[in-house]
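Engineer: Each chain is listed here by its residues.
2 protein chains.
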Amino acid sequence: MTTTRTLFFVSDGTGITAETLGQGLLSQFEGVTFLPQHFPFLDSLAKAEDCLAHIHAAKVQDGARPVVVMTLMDNQISALLRQADALFLDVFETFIAPLELELGQHSSHVVGRTHGQARHEAASRIAAIHFALAHDDGVTDADFAAADVILVGVSRSGKTPTSLYLSLQFSIKAANYPLIPEDFERDQLPPCLLPHAKKLFGLTIQPDYLHLIRQQRKPNSHYASLENCRYEVAAAERMMRRAQIPYLDTTARSIEEIAVKLKQALR
Amino acid sequence: MTTTRTLFFVSDGTGITAETLGQGLLSQFEGVTFLPQHFPFLDSLAKAEDCLAHIHAAKVQDGARPVVVMTLMDNQISALLRQADALFLDVFETFIAPLELELGQHSSHVVGRTHGQARHEAASRIAAIHFALAHDDGVTDADFAAADVILVGVSRSGKTPTSLYLSLQFSIKAANYPLIPEDFERDQLPPCLLPHAKKLFGLTIQPDYLHLIRQQRKPNSHYASLENCRYEVAAAERMMRRAQIPYLDTTARSIEEIAVKLKQALR
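Respectively, the protein sequence lines represent chains Y and E.
Each residue of the first sequence is one higher than the one before, counting from 5 in the working numbering.
Each residue of the second sequence is one higher than the one before, counting from 5 in the working numbering.
Just chain Y, with the same shape it has in the complex:
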């Protein structure tokens, strides 16, 4: 059984679709080591020739057929690559034909349509990103009225990556506000949050994992101690339950999972 395969991601756009799909499929095969090679923006026969040479070479080197995940609109370019002895997972070829039949339309075969965003889409996304940055980590509560969601939680519970991801991926305006020792002593949510109760969403985390994360940031501090992590998480969860703020445990969840679960809850 072969254990190493070269894996080509070939696209006339960024290749992000091919890569997302390929990673998902190949994560299902544990015994195989995949060596990725990326060929984005492959939009000419000359570039296809170069890619073809790499596919040939990979087969010789691995002693096994490469796997090629393709999202290509141009049939001439696909045909050229298909001269190689490889397994082709051709996304558009596979799905465009049944879609054309179903919709009673020919596809436009326009390259890179996905990524040539309309300017107003781009603008609202950029606005969401700058909003997330301006309202990161409680920097300001000036514009909470404009927020789609306000994330709350203890330091290093995942608020910042989540709010940035929400802005970049979904153009959601996400502020985030930390719960800090003063809040736990008062045993009350920060007063600036109270007028925005309906937009609040909590992130929590298991104390032992929080301890590990904080140890990397400030080793052997009170801040990072397991005892303090336990105290802060318990106090934060108590405050959130009392204020009826929905919250989610981020431990062992990817940023994508947290963001999508939050987006579901917002609806």
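Take these hints with a grain of salt, some might be off.
Copies of the same chain are indistinguishable here, so a pair counts whether it falls within one copy or spans any two.
Claimed, not checked - Below, in silico cross-link-like pairs of lysine-lysine (DSS-like), each with a Cα-Cα straight-line distance of 25 Å or less:
no. : residue 1 : residue 2
1   : K265      : K222
2   : K267      : K203
3   : K222      : K203
4   : K202      : K267
5   : K265      : K203
6   : K265      : K202
7   : K267      : K51
8   : K63       : K203
For the record, the hints were derived by calculation from the structure and aren't laboratory data.
Fit chain E to the supplied structure of chain Y, relying on the hints for placement.
Structural biologist: Below, chain E without anything else, positioned relative to chain Y:
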């Protein structure tokens, strides 16, 4: 010809793969309006029943078959959904069988494998995000030695969204540093950048588009005037050429395109 179709994204994980793929495919059909419905984390027969009811209802409402983009590992769940009268684009079913044959292995059929990241992967990604934030917009040059890339360009040329995307998507540590009026007067790159010449990458933008963006931020200011935008862009490009810094025009490019092109250039 039908012009409205409901589009279901169904996944046992986040559904991001299904959505990325579906958007790419459907952008090829201009005459049809697609109404998206999202069913992420669909991991039980009860949830599948609920989704099935929505698919039935959408068909009645639209008077046309819905399109269902599926990434589901569980065959029982897929089979249940397939009772609906819809066009199914089943990603795993389509591609897993040829992969099993090619690799001589059965797939593990483990749900959500893609998104259950290893902790060290998650940690390097989070580190990259915090690096991008700490080194956004020239806040500090303290840790440029640890940067994978340092983006330079005029204000609002796209540096911040690009560096955040590089960190979130590719775990690349990207700092960004603005070129400002003082730099143009001196006609020299900021001195703190000089020791890191090999890591520098420039972003530029067409002056008329920059003018539009800046007008939204500070209407009718000198900063936003077309004349000043022309002056700044010309000066920035001249400095980058002289210092042999590769640079890219971000006008009409999505953040994804810029990030992937930059990643290619880094290699």
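Engineer: Let me make sure I understand: some of the numbered hints might not hold for this structure. Which ones are they, in numerical order?
Structural biologist: Hints 1, 3, 8 are the ones this structure does not satisfy, whereas the remaining hints hold.
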